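Chain V: place on chain Y using the hints.
Chains as they are written, first to last, in full-length UniProt numbering: chain Y, 1 to 740; chain V, 1 to 740.
To be clear, the hints were calculated from the coordinates, so they are not data collected in a lab. Nothing here was measured: the structure is a model prediction, and the numbers come from that model. Keep in mind that a hint or two might mislead.
Identical chains share a label here; the pair holds if one copy fits it or two copies do between them.
Said to hold, decoys possible - Only pairs whose alpha carbons sit at most 25 Å apart, straight line, appear in this in silico DMTMM-like list of lysine to aspartate or glutamate:
no., residue 1, residue 2
1, K669, E323
2, K694, E498
3, K575, E640
4, K366, E49
5, K135, E485
6, K315, E606
7, K315, E640
8, K669, D320
9, K600, E448
10, K176, D112
Number of protein chains: 2
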Amino acid sequence: MLNLTKKVAAIFLIASVFAMSSLGVNAKHPNLVTTSEDVQLMRDAINVEGRFATTYKKLKAQVDAQMQQPMAVPVPKDGGGGYTHERHKKNYQLMYNAGMIYQLSQDEKYADFVTDMLLQYANLYPNLPLHPARKMKSQNPGKFFWQSLNEAVWLVYTIQAYDLVYNALNASEIKKIEQELLKPVALFLSEGQPSTFNKVHNHGTWATAGVGMAGFVMNEPEWVEKALYDLQKSGKGGFLKQIEQLFSPQGYYNEGPYYQRYALFPFVTFAKAIENNQPERKIFEQRNGLLLKAINTTIQLSYNGLFFPINDAIKSKGIDTIELVHGVTIAYGLTGNTGYLDIAQQQDQIILSGDGLKVAKALDKKLATPYQFKSVAFGDGNDGKQGALVIMRSVTEDSDFNSTQTVLYKPAAQGLGHGHFDKLTWQFYDAGNEIVSDYGAARFLNVEAKFGGRYLPENETYAKQTVAHNTVVVDETTHFNENVEVGNANYPTLNYFETNNFGTVSSGKISTAYEGVELERTLALVNLPGLDNAVALDLFNVTSDDKHQLDLPLHYHGQLIETDFPLVGNTNSLKPVGAKNGYQHMWLKAQATPEQGLAKVTWLNENGRFYTQTSLVKGNESFLFTQLGANDPNFNLRNEHGFIRRVENTKQHKFISLLEPHGLYNPSKEFTLEAASRVSGLAFTEQDQLALIKIDIAERSYLVVINQAETDQKLTTEFKYNNKTLSLNGRLAVYELNNQ
Amino acid sequence: MLNLTKKVAAIFLIASVFAMSSLGVNAKHPNLVTTSEDVQLMRDAINVEGRFATTYKKLKAQVDAQMQQPMAVPVPKDGGGGYTHERHKKNYQLMYNAGMIYQLSQDEKYADFVTDMLLQYANLYPNLPLHPARKMKSQNPGKFFWQSLNEAVWLVYTIQAYDLVYNALNASEIKKIEQELLKPVALFLSEGQPSTFNKVHNHGTWATAGVGMAGFVMNEPEWVEKALYDLQKSGKGGFLKQIEQLFSPQGYYNEGPYYQRYALFPFVTFAKAIENNQPERKIFEQRNGLLLKAINTTIQLSYNGLFFPINDAIKSKGIDTIELVHGVTIAYGLTGNTGYLDIAQQQDQIILSGDGLKVAKALDKKLATPYQFKSVAFGDGNDGKQGALVIMRSVTEDSDFNSTQTVLYKPAAQGLGHGHFDKLTWQFYDAGNEIVSDYGAARFLNVEAKFGGRYLPENETYAKQTVAHNTVVVDETTHFNENVEVGNANYPTLNYFETNNFGTVSSGKISTAYEGVELERTLALVNLPGLDNAVALDLFNVTSDDKHQLDLPLHYHGQLIETDFPLVGNTNSLKPVGAKNGYQHMWLKAQATPEQGLAKVTWLNENGRFYTQTSLVKGNESFLFTQLGANDPNFNLRNEHGFIRRVENTKQHKFISLLEPHGLYNPSKEFTLEAASRVSGLAFTEQDQLALIKIDIAERSYLVVINQAETDQKLTTEFKYNNKTLSLNGRLAVYELNNQ
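Isolated chain Y (complex conformation) (with noise of 0.2 Å):
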């Protein structure tokens, strides 16, 4: 078998042959995303009544409304979100948006006005100093924008621009266009600045897909090698080594699912361009149809339509996101799996290309079939092997993904610089909401007065810390003392991941996170047979050389309806749980040590339903509940609840709980259900390798068994519980035990 570097060298050399060659002068115009012959097709479509000819009339006329307004191409000036920064994003957009109307429409008047927009480009352009607002020890600072990042996210939309109109521009204004603008630019972004363009970073996808689209457009066919293979065409950087190095074998994207989708949309227009320029390079295919695979995984890590908002995330961030409409759109157009077109549906936008048409024509025809969303383990790392980004979901095949109980856990790596410090976290989804929460990032995007719209000051003293997240804090520090550096070279294992008709668990270790501790937690979503939902069983096990204070905390959406143990209540007066570390934003409510046996604490969420977690205790175990906002002079936090269970000066704990939807609260129509936990009895032992968890719940009794082997081999096995010599064949069973 070929080692890495030997198999992108070969496919390196066979790909060059085939680049080189396919490059004409007669290149026709448009050729990248969308192709000539799509043109034909969509021309047609825009008659006909459906989807296509309507989000066609709905652009058009807002192109049209754009068009009435002064046009302006400012001499730059303003950092992100100021008024030059803002108005060269809006004039990509819209050259590209007034391309596609000319081509669709013939009309020349759209042509015309992309031609000047480019022309009063191509003025400005050769006088133009780096940015004003540039940072001044950044290595990529841009012309037009302050960073080089949003100069190459105006070339993608340029050059596809100045692609639409080619056709009807003559000899002199191609020159100027190419020469004075869309040229240097791209030398600026590629020779100009090798740093970026040639680092297997997200930063330099934007600029390799930008420089390699205009290789095709202006004939450069060496620029489309250095885009593919670096600026020294060595296969050490360049768009082939990213789709290579930024993603796990399964298509995930170390940052999680909010940088995801960003990431994504450089990826798979570059790659449409590949694909209609050269299918010979067979893009798609490459690494086993990575770009594809890290489509579908965009969709797979979501709920409800909104991604799961693990590290820097804004929470109403969905599968909607314009760049995974795009990503959905060439998916289905590469694939016609009608499992798309589900997808698609929901986002409810057609995109205006060859792959769009097909989308929109599909979805008249009612082609649309259920997304499959999957429990599913996603290795993290380039490797796949850094840990993993685990989704349970209790969904089965005719069930509906928007309301069924989800788990999302996390023995994943850090994530780079957006990463939050929260190393086996978990979340609970249930009936389309989040139940057991994670805060996302602390900002207000784009709201000047919140920090000028950028990560609020709490994103770090609060967001990143592990408190702020579901999983085990040691004396009150964060993982890895909070450093990025150390946590992005330190990753958890996964012990292991199994679904089957029982439900799915899954388990994984972390030793680095604190010197001395290591932390393990198995997660099971468990399908008890004849109750409504799936539960959630969690066993964390806490082990260290030394004494430490250990808290678990569970942050939840909702009011807190009942304990079964007496609160005592600071009812008169708050103070911070702790001093720092994320402790002290959070006011300390109420407290108690309920006795050995089980703890409950239940809620009841803003969509009426109920969630009882249920604790296992020996009576050493404190909870502590808590509301955000301490320290917090400028209401930059959202005052949300949880409640922390405390274990002090101990070497050894293990936090066994289970989470247990139920009921519904119906104050409109004046009813309410099962407002109570249904469990009441919850035992844990273990055999050897097994773990055993009797759950007494709804009047039933069942034995959920773990196997928790080293391995993956000789998993059957045989066990006694009561006398009875019950088998096992894999990870997770359930035996429904006789009434006792």
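Frame of chain Y; chain V shown alone:
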């Protein structure tokens, strides 16, 4: 003109003559809300595809499933919420439904089922003592239920069920059911509890409705007479007196919308039965068509489908409540007004009745036209002169009432035991949401863990208190010293109300909420030409004999974004704002005393709109920022936010402010518009009876003039402003000023 007593006596005389003659031994069945003529049409309709047939099939399937369960008519034991209570409630509903399915399907098994159950009830009833769970001091215990109110509701349903299956019964069944069940129950609820039956109160309405309908079905014309005119047939009580007394002339029910929709149901049900049996009474024309007005007013008392949550109210209750579904169905049946279909469409529930069929057919034919929501002052009290509940909507004929700016202003009466001490409070709505909020009732309906599902202690200690509302609190004490009787005996005066093209303005005052203090508030919802949204102006004037501390709270939903004055936050420790009267439940999060001029507070609601209240201050108003949750050991309160404007040691103060919706926050699509307030100036002056408010907003200047004259006579006037003579014709006008 006849005085009231004479008028009632006259109606009584005429009506009695009609009544006695129209009941005969051969009364047709069914003939209450649904008649045998209705049934013929309904039987045809269930075979035609459409809403009616769909509803029928759904209900039939439901009844079929319920009939599979063992029949249970248990010996009464439990109070509200307990098993026997809930079982008997389900039984009457099931008998009614099965009776209706019998009429429509003509399948005897449904009649047999109802007959069986009625016979079981007839076996049980004769030996029943008063209910064991009755309150010992109560004057109105039931036998099936702990209170006779439920027993009356039982009769209203059961007599209809009996009427529906009557034709399937043999003589001995009729005899047993009537003699041993229905007649004794009717006598128990009338002669057996004169104080309730004769009472001009909602409980009396249920009793008279049940007994009166029983009179129609079992040919007891005397019962009908007594139901209409009281046991003595004096006209001092009974259904007609209830119509006369329990609503204002405009059909407003003194306890507020949450209880209005509940009170409405027996009124419209019995009235419809009267209409079908004794059309000559013209029951729906009584008191100038009061019952139709009451239905219509209930609809008007809503915003985006939810009732205004004043007084004790569950906030999720809205126009789709079953009581109003019946109301709207009957109203459409009587009037054929297609605006009701708009509401019926939103209710999305079809009643299986003659009128329900009309609604279903009309909706199938898409005959609905937009229901017209209005700006209106509903006079309070049975004479309509005990203050008013005022609704201001910025709606125009073609705007969507679900998203329009709306002000609710409450210079209304106390509203009995469920009333809140909130004279002159207000709320603001925008874009479908409650912006300046009312807590509603502190209650988790039927959630056992929350104080048995009843009103929580915090309903008394917080929700009813003045500080829980958006109106002035003097010296941290509650209006009327929290005395309901005093509250009921005193009410505000509505100074004026006017709605015109400039907007809507209303003013009210009260001098009895606090001794020696007059509270006078003028609110206006003003359209400023060229602005997208109406703005709300608030002028609250307090004058008193002695010096006091004055607090004006504003409760909002959402996240604080900024203040334009520096805040001093209690960031590391929280204390309640005060010790009692609701203040003990509010944490003091921050405070400030802005300098003379404008003081702005901006917040963002959950749906991404910004709101800024700009106050015109003189440097003597402190702002206290609060969050609910202090002294709440059981986590019973929602942790909502507010701020209190406070002036100390003063005999007179005018709180002046402007509320402005602005901008849009869309983190999902990554754009934010107008996050900052557009108000740059606010000035207040008076000229004689005119209040002149100059507003500088969005780079324009407006003058809003309110004519505060004591009477509505001679409102046309002229005045000078900036050396120009302007004329005013009415209470409110807006003048656009040249930019200055």
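For this session: Output the numbers, in ascending order, of every earlier hint that fails for this structure.
Result: none
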